[in-house]
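Chemist: With these hints in hand, go ahead and build the complete structure from the sequences.
Now for the letters of each chain:
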Amino acid sequence: MRPRTLLAASLALSAAALTPGVGGAQPRRPGPAAQAARPLTLREAVQRLQSGNADEISDAVDALTRIGTAEVIPPLVELIHSGLPDDLLERVVTKLGIIARPESIDELSALMHHRRSSVRQRTVEALAHIRDPRVRGLIESGLRDSDAGVRSESARALATINARPSVELLMRAFERNVPEAAESIGALGDAAAADRLLEAVGHHPLGVLLPGFRRFLDRRDITDPVKLRIVEQLVSRSPTRQVKEFLQEWVRSLPARDRSRSRARAEIAIRQIRDDATAPPPTPTPPAEAPPAQGANGGGA
Amino acid sequence: MKRSLLSAAALALVVGCMPPIRVTTAFSSRFGDNNRARIAEVLQRVGDRRPSPNAVGGPILAAVIQGDERGVAVFDVANRRELWRRAMAASSTPEILGDALVVEVGTSTQVLDLRTGAPRGHVDHPGLDFAGAARDGDTIVMSFATGLGGGQRRAGRVVAVSASSASERWTHEVNGLVGRPAAAGGLAFIPWDRQSIAVLDLSNGVEKSRIRSTDDVLSWVFADASGIYYGGRGIYRLTPDSASGTRAGSAYLANPVEGVPGDPLVYRDAFFATTGTRTARDRIRFAFAPAGGEAGHVSVANDTIYLAYYHDLLAVNAADGAVRWATKLEEDVEDLEVTRSGLFAISGTGKVRSVDPATGAVALVAELNAPLGAIAADFEGLQPGADAAAPEGDVRAQLVALVRDPDNRLVPFRSFVTTLLSRREEPEVTRDLLDLYTQRSIPAQLKQSIAAALRTRRSGAQFLVSALDDHYDYLENRQAPPLQVIAPTLQAMGAREAVPGLLSHLLDHETPVASLPDIVNAVAALGEASVVPTLRRWVQLYRSDSAFRGEDASAGLRAATDAIFRYGDAADREWLQAQQRDDDVNPQLRENIAGLFNRESAEAQARASAVTASEAQATLEAALNRLHEQQQAVPNALPDEAIDEVWNAHLDEFRECAQGAVTRNPSLNQIRVVVTLRSGLQRSLLDPTPPARTGGGDGQPSHATTPAEAMEWVTRQSEALAAQRTSVRLTTYAPGDRELRACMDNVVRALQFPASREMRQEFRRVIDTRAARAAAGGGENFSGLGVNAQGRELPWWLVSAPTLEVENPPAPTRPGVTRPTTPTTPTTPTTPTTPTQPGTTPGQRPWWEE
Numbered sequence: 001m002r003p004r005t006l007l008a009a010s011l012a013l014s015a016a017a018l019t020p021g022v023g024g025a026q027p028r029r030p031g032p033a034a035q036a037a038r039p040l041t042l043r044e045a046v047q048r049l050q051s052g053n054a055d056e057i058s059d060a061v062d063a064l065t066r067i068g069t070a071e072v073i074p075p076l077v078e079l080i081h082s083g084l085p086d087d088l089l090e091r092v093v094t095k096l097g098i099i100a101r102p103e104s105i106d107e108l109s110a111l112m113h114h115r116r117s118s119v120r121q122r123t124v125e126a127l128a129h130i131r132d133p134r135v136r137g138l139i140e141s142g143l144r145d146s147d148a149g150v151r152s153e154s155a156r157a158l159a160t161i162n163a164r165p166s167v168e169l170l171m172r173a174f175e176r177n178v179p180e181a182a183e184s185i186g187a188l189g190d191a192a193a194a195d196r197l198l199e200a201v202g203h204h205p206l207g208v209l210l211p212g213f214r215r216f217l218d219r220r221d222i223t224d225p226v227k228l229r230i231v232e233q234l235v236s237r238s239p240t241r242q243v244k245e246f247l248q249e250w251v252r253s254l255p256a257r258d259r260s261r262s263r264a265r266a267e268i269a270i271r272q273i274r275d276d277a278t279a280p281p282p283t284p285t286p287p288a289e290a291p292p293a294q295g296a297n298g299g300g301a
Numbered sequence: 001m002k003r004s005l006l007s008a009a010a011l012a013l014v015v016g017c018m019p020p021i022r023v024t025t026a027f028s029s030r031f032g033d034n035n036r037a038r039i040a041e042v043l044q045r046v047g048d049r050r051p052s053p054n055a056v057g058g059p060i061l062a063a064v065i066q067g068d069e070r071g072v073a074v075f076d077v078a079n080r081r082e083l084w085r086r087a088m089a090a091s092s093t094p095e096i097l098g099d100a101l102v103v104e105v106g107t108s109t110q111v112l113d114l115r116t117g118a119p120r121g122h123v124d125h126p127g128l129d130f131a132g133a134a135r136d137g138d139t140i141v142m143s144f145a146t147g148l149g150g151g152q153r154r155a156g157r158v159v160a161v162s163a164s165s166a167s168e169r170w171t172h173e174v175n176g177l178v179g180r181p182a183a184a185g186g187l188a189f190i191p192w193d194r195q196s197i198a199v200l201d202l203s204n205g206v207e208k209s210r211i212r213s214t215d216d217v218l219s220w221v222f223a224d225a226s227g228i229y230y231g232g233r234g235i236y237r238l239t240p241d242s243a244s245g246t247r248a249g250s251a252y253l254a255n256p257v258e259g260v261p262g263d264p265l266v267y268r269d270a271f272f273a274t275t276g277t278r279t280a281r282d283r284i285r286f287a288f289a290p291a292g293g294e295a296g297h298v299s300v301a302n303d304t305i306y307l308a309y310y311h312d313l314l315a316v317n318a319a320d321g322a323v324r325w326a327t328k329l330e331e332d333v334e335d336l337e338v339t340r341s342g343l344f345a346i347s348g349t350g351k352v353r354s355v356d357p358a359t360g361a362v363a364l365v366a367e368l369n370a371p372l373g374a375i376a377a378d379f380e381g382l383q384p385g386a387d388a389a390a391p392e393g394d395v396r397a398q399l400v401a402l403v404r405d406p407d408n409r410l411v412p413f414r415s416f417v418t419t420l421l422s423r424r425e426e427p428e429v430t431r432d433l434l435d436l437y438t439q440r441s442i443p444a445q446l447k448q449s450i451a452a453a454l455r456t457r458r459s460g461a462q463f464l465v466s467a468l469d470d471h472y473d474y475l476e477n478r479q480a481p482p483l484q485v486i487a488p489t490l491q492a493m494g495a496r497e498a499v500p501g502l503l504s505h506l507l508d509h510e511t512p513v514a515s516l517p518d519i520v521n522a523v524a525a526l527g528e529a530s531v532v533p534t535l536r537r538w539v540q541l542y543r544s545d546s547a548f549r550g551e552d553a554s555a556g557l558r559a560a561t562d563a564i565f566r567y568g569d570a571a572d573r574e575w576l577q578a579q580q581r582d583d584d585v586n587p588q589l590r591e592n593i594a595g596l597f598n599r600e601s602a603e604a605q606a607r608a609s610a611v612t613a614s615e616a617q618a619t620l621e622a623a624l625n626r627l628h629e630q631q632q633a634v635p636n637a638l639p640d641e642a643i644d645e646v647w648n649a650h651l652d653e654f655r656e657c658a659q660g661a662v663t664r665n666p667s668l669n670q671i672r673v674v675v676t677l678r679s680g681l682q683r684s685l686l687d688p689t690p691p692a693r694t695g696g697g698d699g700q701p702s703h704a705t706t707p708a709e710a711m712e713w714v715t716r717q718s719e720a721l722a723a724q725r726t727s728v729r730l731t732t733y734a735p736g737d738r739e740l741r742a743c744m745d746n747v748v749r750a751l752q753f754p755a756s757r758e759m760r761q762e763f764r765r766v767i768d769t770r771a772a773r774a775a776a777g778g779g780e781n782f783s784g785l786g787v788n789a790q791g792r793e794l795p796w797w798l799v800s801a802p803t804l805e806v807e808n809p810p811a812p813t814r815p816g817v818t819r820p821t822t823p824t825t826p827t828t829p830t831t832p833t834t835p836t837q838p839g840t841t842p843g844q845r846p847w848w849e850e
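Residue numbers (the numbering used here), protein chains in the order written: chain A, 1 to 301; chain B, 1 to 850.
These aren't lab readings, by the way, just hints derived from the structure by calculation. Computed from a predicted structure; not experimentally measured. The beta carbon of each residue, even a glycine, is placed where N, CA and C say it ideally should be. Don't take each hint at face value.
As the list claims (entries may be wrong) - Sample of chain A residues lacking proximity to chain B, with all beta carbon distances greater than 10 angstroms (derived):
id : residue
1  : S51
2  : R115
3  : R164
4  : A173
5  : V201
6  : L228
7  : E232
8  : Q242
9  : S253
10 : R257
11 : R265
12 : A269
Stated by the list, open to error - Computed spacing ranges between beta-carbons, pair by pair:
id : chain 1 : residue 1 : chain 2 : residue 2 : range
13 : B       : E392      : A       : D218      : 44 to 50 angstroms
14 : B       : P500      : A       : P85       : 39 to 45 angstroms
15 : A       : R237      : B       : A444      : 39 to 45 angstroms
16 : A       : A264      : B       : E476      : 39 to 45 angstroms
17 : A       : D221      : B       : S466      : 44 to 50 angstroms
18 : B       : S466      : A       : S58       : 27 to 33 angstroms
Modeler: As structure tokens, this is what we get:
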């Protein structure tokens, strides 16, 4: 028996179980026009998963995604376990993120250890769409991955799921050369986190740090004194054209009625900083050493 | 008389004018070596010697001083002062010889006063290198050679000079290499061509004895208070048993430490010319002090041999090579001296350190503050320094410390120490090796040695299992454990408890793809069938994934399919076959699965073929045995019973012929018949075995005879042998009655007898026609012996041959003289004959021949 057939059998059983009232009699297949007109039912989609035809399987996956109930997860998991070609596997993982059902977390957890980094990266993206307490830990584990893309995606995803308890880990990741962590810290961190990020000015490229500060400055839950400190520290530590442009952009984004001290300080700084001011090259902070990636697909830092 | 006187005078004149005889008998190829009596004489002369103190009277160090002011200096080590220094371009290691110091300067070897450095004389040796010198009494013997460092020309010279003036006493030019000598008991011991030790009388240079090894290389010799020692890698002590010329037959101590990088000998190589400078050869060396002890045995002080390798120092048990201690000194060891009071290491900066032979504790004895080159030391009486510091930890920790040494000059030695470490039985050694392997500072070459050492471990599995808990972590800067080393080692250890940890690494994407086959193999070997479901799921997940495309990348998956094939059940095999048929599956994987089934099928066929072949062989052997029995049954000559069996079947026909003859000649008493048989047996039918090769006719190549062809041959042979017959070639009858002949020939010529080996055989029969006894009539039960059951004699035609037991049957009673006048039915039995037996007495002959 071919594996596809095995898979088909198991999927058929799943479909049968999911379709009450459908007995052993083969239902009449609707005509092509009718098929095009209406979306596939769960049972039909599961049956198409058995077809062995990549296009039909893709259609079935799309149909299951549209259905989006908990019942579509087992057939999709079965499909993953059957051993898919690269593109199809990544497509299914993406769909699991769109479906965003907690029932797929176990499978996504396993896929966090898939040997292809692109699969792990998409898994992180998918997890970020699911609301479940298990998600944060799984995404945090992505920060420990040997692949830079997975680490970056994980840092972003933690911000997406608003994982404030992960700020400390993001700080660690930032220190370990995960630049995307800075923006996430800006999105999630508190005043202390902002101060720690400010300490990195001069040691890390501003291009890495400024998105984090922007997120701090854009947040309503960050008080004006904290924002003022950010602006002042930025200006004092790196009075450069890059900071000037950063502040200009931020000020422009503020509503006209904003009369905060941080805005006032930013406007002063904008006037004070000369356009030709440049920053010295950043001094890396130890430990900046990245361990060599060992995995088959690890890209390292 | 006058002429005699004149001759004597002339001879005296000639002799008087000749220079003194310088060349004496030695190094002859005709000299008898390994002579036990001569060696015993040598030993008697050497006797027990006391160590002779040097002329300074205390521990001294002589060295070539390196630097701008090159020279030779002698130091009083006990008082830490320089006794003298003399500028000279010394080119050898100095030799401290009593009150003299000998050192080579270019092509001249200087003899200096040890106390003052004043020159006493010199020996020039252009074209030859100074190999070394030794002294006994007031004679110094020196060896010079060319070709010590290799090269085609190999020549040597041994010179004996006066210790006080360096004036020559005798010399030998030797065709071959001679090495650094030893001297004791008025004898010089000269290593010769790395095979022999020539023992010369110091007084005249005459060779007194010679030791030659037949199974070893003799590279050095030295004299000690406890005797003469010589050897190569091991240590021999000169005893009468040295005459055996073998390791096993001599007093010998093997060096238990083998494989040291640089391959140092256990003692200074006598055939290596020194340079006067510091060399790696000085820094990589063994040292030991003979302990004398029981005659016929070699023992060393403290049962310890020391090994210096740059700044590392090891003490090992001389018996088994077990490390007693290991330490690292602050400086490289340029010279290592073992005395009765301890071990001393000398550095190139002139620091003399004592090392406790028992613990390895090191203490500074003296700082001579001089840039020392080649060093010679006489430290007898030197006391160890105070405040000695022993190496930290136990021996295991000491060895680990040496492996950790960051000095990359010592990588080969650190690898060697790793091997020593791995031989230890403590389970913790496994952990040590694992820790060392994971050290980032460890060079790749050393890492390989550590990995190899780890694989030899059979204890400490718990440390390896524990190491499996670690996984790669970018944030924590943590590496995965060395799975390619751990997994095979755990497999070899049979550590089933490692299966969960190994599986966790199998499923971890951070595990290097190169380690996957090792992990899969270990998991499969340890977990057997229990891990098949996990392996199957793993293969299923990646069966179409590009992560495992390619020969190398797919190795892990292939190993997993191997394991599933081996440990799985029928369903697993069916699943494998399904994978093999699926076009979406990794091609390498499909190929591997196909190979698994094909190999199994081929092996099964081979096994079946082997069984068939075995059965065919058994059948062939049985047929051959039957053929052999058939061949053995063919007699050399046909026995009487075989002839009778054929003959007696035609008695009626013979009777008719006889009756006819009697009718024609009533006075006929007997008919004599001589039959010559000819056997047509082909010799080839007696071949015991089938031909090795078959075919080859018509220009076709022959081939090895197959079992089937052999069987056919056996069958053919058997059938042909069974069909073989012996036929009648000649017949002779007496009387020569033509009708009788015709009648008899009609019967006899047609007879067919069994086959026999002899080509020609003759038998005779006599038909007695004189008896007139009437036949008793038919219907009686005859025994065939000429007498019926009732004891009545039988008519002749009913009687066959004599019994088998009677080789020459006794003559039957002669019939009466009365002859019937009318033909009567012959009633006397036919008396068969046996072939003539040469050498039988007339009385034993058949009656018809008497």
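Chemist: Enumerate the violated hints, using their earlier numbering and listing them in ascending order.
Modeler: 2, 4, 13, 14, 18
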